[in-house]
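Chemist: Residue numbers (our numbering), protein chains in the order written: chain A, 1 to 488; chain B, 1 to 489.
Derived by calculation from the structure, the hints in this document are not laboratory data.
Be aware that one or more of the hints could be misleading.
As the list claims (entries may be wrong) - Distance condition first, Cα-Cα at most 30 angstroms in a straight line; then the derived DSS-like pairs of lysine-lysine:
(1) B:K54 <-> B:K435
(2) B:K12 <-> A:K161
(3) A:K329 <-> B:K424
(4) B:K330 <-> A:K45
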Amino acid sequence: MTENGCEHRERVLTMDTMNPNIKRVEYAVRGPIVQRAVQIERELKMGVNKPFTEVIKANIGDCHAMGQKPITFFRQVLALCSYPDLLEDSKFPEDAKSRAHRILQACGGGSLGAYSTSQGIEMIRQDVARYIERRDGGIACDPDNIYLSTGASDAIVTMLKLLVSGEGMSRTGVMISIPQYPLYSAALAELGAVQISYYLDEDNCWSLDINELRRALQEAKKHCIPRALCIINPGNPTGQVQSRQCIEDVIRFAATENLFLMADEVYQDNVYAEGCKFHSFKKVLFEMGPEYSEKVELASFHSTSKCYMGECGFRGGYMEVVNLDPEVKVQLTKLVSVRLCPPVPGQALLDVVVNPPQPDEPSYDTFIKERSETLATLAEKANMTQEILNQVPGIKCNPVQGAMYTFPCIHLPPKAILEAKEKGQSPDMFYCMKLLEEKGICLVPGSGFGQRDGTYHFRMTILPPKEKLKIVLAKIKEFHQHFTDQYS
Amino acid sequence: MSENGALPHRGKVLTVDTMNANVKKVDYAVRGPIVQRAVQIEKELKEGVKKPFKEVIKANIGDAHAMGQRPITFFRQVMALCTYPQLLDDNKFPEDAKNRARRILQACGGNSIGAYTTSQGIDCVRHDVANYIQRRDGGIPSDPDNIYLTTGASDGIVTILKLLTAGEGRTRTGVMISIPQYPLYSASIAELGAVQVNYYLNEEKCWSLDISELQRSLQAAREHCNPRVLCIINPGNPTGQVQSRQCIEDVIRFAAKENLFLMADEVYQDNVYAEGCEFHSFKKVLFEMGPEYSRTVELASFHSTSKCYMGECGFRGGYMEVINMDPEVKAQLTKLVSVRLCPPAPGQALMDLVVNSPQPGEPSYQSFMKERTAVLSALAEKAKLTEEILNTVPGISCNPVQGAMYSFPRITMPERAINEAKAKGQAPDMFYCMKLLEDTGICLVPGSGFGQRDGTYHFRMTILPPTDKLKIMLNKLKEFHQTFTQQYA
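For reference, chain A alone in the conformation it holds in the complex (with noise of 0.2 angstroms):
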């Protein structure tokens, strides 16, 4: 009994009657250190004396927290949709005004706050077809083959369900790389399916060899049926960018072992490094020709919240899904139509972004200029990072070719692994504890992504502002100087 004589109740809901699946997901990039990160701004803003006056966070790719502004025609579009009565202000453009005014003609009784078809907009839709296609050089593109989402992350959790079946030695496997987005192993373990990795080559700029891809599978294959194949390109945490030599292999190999590709591109336009281009899974499939444009099955996925949009908040997305089974697509379709659609704002800020201002327009100018800042400035952040990076003894930085991560090796001496261990900390979670307490920042260990056993990393992202930046990687440098000989 309690004290006032209630009775004590042993709770409905504990971790022992919970579902089991979701104690093994974990999410590091808003995982233990992030919660230590915000508990020290909470600290700073009483008033606790630090060696710092602020948390730099740059452990997500959160390009506006980090000081980059929204593009200019995007939210005046969006405001004119949110209010329509500013249809009649002067004050803005008049290409804004009609792409605002043929979106609200496309929504339920001319408004934001009506349900759209599951599916999405079905104006949205086609203007998503019709910027795929001009992307991939004219192949075609069926709306009908568009669902939009809320964010990426909603539809790829949603293929990954479809995927999910069997029992035991037939369960579903899924293959993705490592490191990888933790979005994968999280929703993997959630869904009860088997994980197979498969490793990107450090030593070759993180880039994906096949016979990996073939020895990961053919280990898989005496636990589990092995049924999709996951890529993220350009690259999450480690900012490659695949060859198109390498997308045809992939392709070939998934054509080969009857694997549903599943191809990640939200870093699309994130493309720094020379010499380095993006080419989009379904542009590749369709140049391989008949043979394998009419068999492969593919989902590729984009969103608002990456390239130089930068709009994580709206969660707006989409998928395309080429050579899906019919009956399969209608379950899909029956799937998303219970969530009933995705957010209308974040469909409509997607469709100013495959829609953009033309060279004849208003806001073409001013457009271009902003894109291209954004752009350029991330470009060059990317570059100075890798060279930063790579001056510090015992940090080793590939070329960050594209998307918003450096994913560095760091060595770490023996003493400092083993008390990471003793405490039961991964060595690299245990390192940037420790930069986060004596120089507020706040990265992602590199366990947290997944890396061959006995090598270490963090993922940093490069979205600090640049002089801010170069203060952040002057301190890692410093940090980790002194770490080498704290433990040496």
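Use these hints to put chain B onto chain A, whose structure you have.
Modeler: This is chain B only, laid out in the frame that chain A set:
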């Protein structure tokens, strides 16, 4: 082998045989086959195909704006200001709208609604939600840390059901849900592979909830599963009943005694029309019942920006409040929602305005109240009108629409019609609704999509079309029913 011998001949990787078996069991009637047919008919009308009607009236879904309801001006002003902060310099916007926009933007990363928010939702918005709940519930405290903002209420509901689903075979989680119910529940239960445990609402008593029926259902369920949770929708969907305070107390007592996690879906909390009916939140009643209950019963309550007087479905705004959740499970919940990063920031901002609307003395107060009142009284009027007209139709019996946005009348179907339906492999009320659609262009959802007692038939119709159109629709329905009855006599 293919023609050139290069690739192995194969069927697809992902087929109805290899796909997730649970997903095949999912159905969601609100956007199911009848709606697909309605959309097809709309296309045919556009192409000039001749029909006995000029437009399809989509009375299948609770989509207020699509049926002509206007958004609240103040809300959209603030949303525009948040979206394009240059407008903060524009003197066309009232100060109270600007203040709210500034406050929201200050709480966003980089002062932009394009930044990710914390996964639980923007801190200051959760504080405002907690304050709203406290005011609504006569001062009973609400801890912002127990508030999770969500992508519509559906998101929160599915997340909690996910946490609760465990066990295998006879120990598999059973989820109690009303019949009739909003089919998000049955769909999610099917997808998660949990066990649906039906308890029937009492049609003869205005769809009220009977504790003895809860008891019966629970006993039966315990033979084949592990019932862990009791879901209740109040005000009800599709049935529209507003549960009495006594009933809510009884449900809480039942949940406490039988060790059930309570899920209270309260998205229609402002949609209460009938005299003598009042919305009582489960949270408030729980706490008014004293610590014996308020310290033990595990409760999750859900709300949304999609219904009430806002009707902002497309923004996907929502929240849930969790009470007495095990702290370790709460940590798991927080971890789980972090994987999807955050709910849409525009929806969070909108929710902030809903719980923090213009106050007396503020410039926007008058027009805000005027708009809100107009929407709610129009709905009340239409609720009454619907009930009245439908009850004049021999063979249609409509309970009072006490709240929410739907009527769920019972229809008498001639034997011959029932037989013809069954011969076609169709639920009889689907057969009825399909004919209604083809003959009049009116799209409703058959009762079989929500659940009903065996041998009874219903349809769910929204009360959302503008009053004049609603009158026309109800009269067409009346005509159709009479013709249908004669045809199959």
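Chemist: Would the pair K329 (chain A) and K424 (chain B) pass a check requiring their Cα atoms to be no farther apart than 30 angstroms?
Modeler: 25 angstroms, holds
Chemist: Assess, step by step, whether the Cα of K330 (chain B) is no farther than 30 angstroms from the Cα of K45 (chain A), and give holds or violated.
Modeler: Within the cut-off at roughly 26 angstroms; holds.
Chemist: CA of K12 (chain B) to CA of K161 (chain A), is that 30 angstroms or under?
Modeler: Cα-Cα ~17 angstroms, so holds.
Chemist: Against the 30 angstroms threshold, does the CA-CA distance of K54 (chain B) and K435 (chain B) hold or violate the hint?
Modeler: The hint holds at about 16 angstroms.
Figure legend: structure checked against the earlier numbered hints; every hint is met.
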